[in-house]
Amino acid sequence: MKQYGANNKTVDDKEKKRIQTKKYRTSKAAAENKAANNAYMRNYRARTLNQKVKHNAYMRAYRTKPKTNIEVSISKFHEMIAEGPLYICSCCDQLW
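The sequence shown begins at 118 in the numbering used here and counts up one residue at a time.
Keep in mind that the hints are not guaranteed to be accurate.
What the hints assert, rightly or not - Simulated DEER-style distance windows between Cβ atoms:
#, residue 1, residue 2, range
1, ASN186, CYS206, 30 to 40 Å
2, ALA146, VAL170, 26 to 36 Å
3, CYS208, TYR157, 53 to 63 Å
Unchecked claim - In silico EDC-like pairs for lysine to aspartate or glutamate, Cα to Cα no more than 20 Å straight-line:
#, residue 1, residue 2
4, LYS140, ASP129
5, LYS133, GLU149
6, LYS134, GLU149
7, LYS139, ASP129
FYI, nobody ran anything at the bench for these hints, they're computed from the structure. Positions of the beta carbon are idealized from the N, C-alpha and C atoms, including for glycine.
Put together the whole structure using the sequences plus the hints.
So, in structure tokens, the structure goes:
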């Protein structure tokens, strides 16, 4: 059975891997890549900040709405059902 993660690598293989990783990191650290990533993150943070502000304003307005008590809810329900059904399905006899 093959042993995954075993230390069967030679010193030469480890050195090749180290050099390859170093090259990869330096290529990703180019100035234009950093500038592009910084611009993207700046736009992302601004966008998420606007979303947070909008959400906070919505929640603040939602919380300040007057709460209805059970009597008001019951009376609204009775007013709605006083008209009766608007439509009766001829196929399944459901009330709409």
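Each hint, compared with the structure:
Between ASN186 and CYS206 the CB atoms are about 35 Å apart, so this pair conforms to the stated range of 30 to 40 Å. Between ALA146 and VAL170 the Cβ separation comes to about 34 Å, which falls inside the hinted range of 26 to 36 Å. At about 54 Å, the CB distance of CYS208 to TYR157 agrees with the hint of 53 to 63 Å. With a CA separation close to 17 Å, the supplied pair LYS140 and ASP129 stays within the 20 Å bound.
Taking the CA atoms of LYS133 and GLU149, the gap is about 27 Å. The hint is violated against a cut of 20 Å. For the suggested pair LYS134 and GLU149, the alpha carbons sit about 26 Å apart, so the restraint of at most 20 Å is broken. At roughly 15 Å between alpha-carbon atoms, LYS139 and ASP129 fall within 20 Å of each other, so this suggested pair holds.
The structure shown violates the earlier hints numbered 5 and 6.
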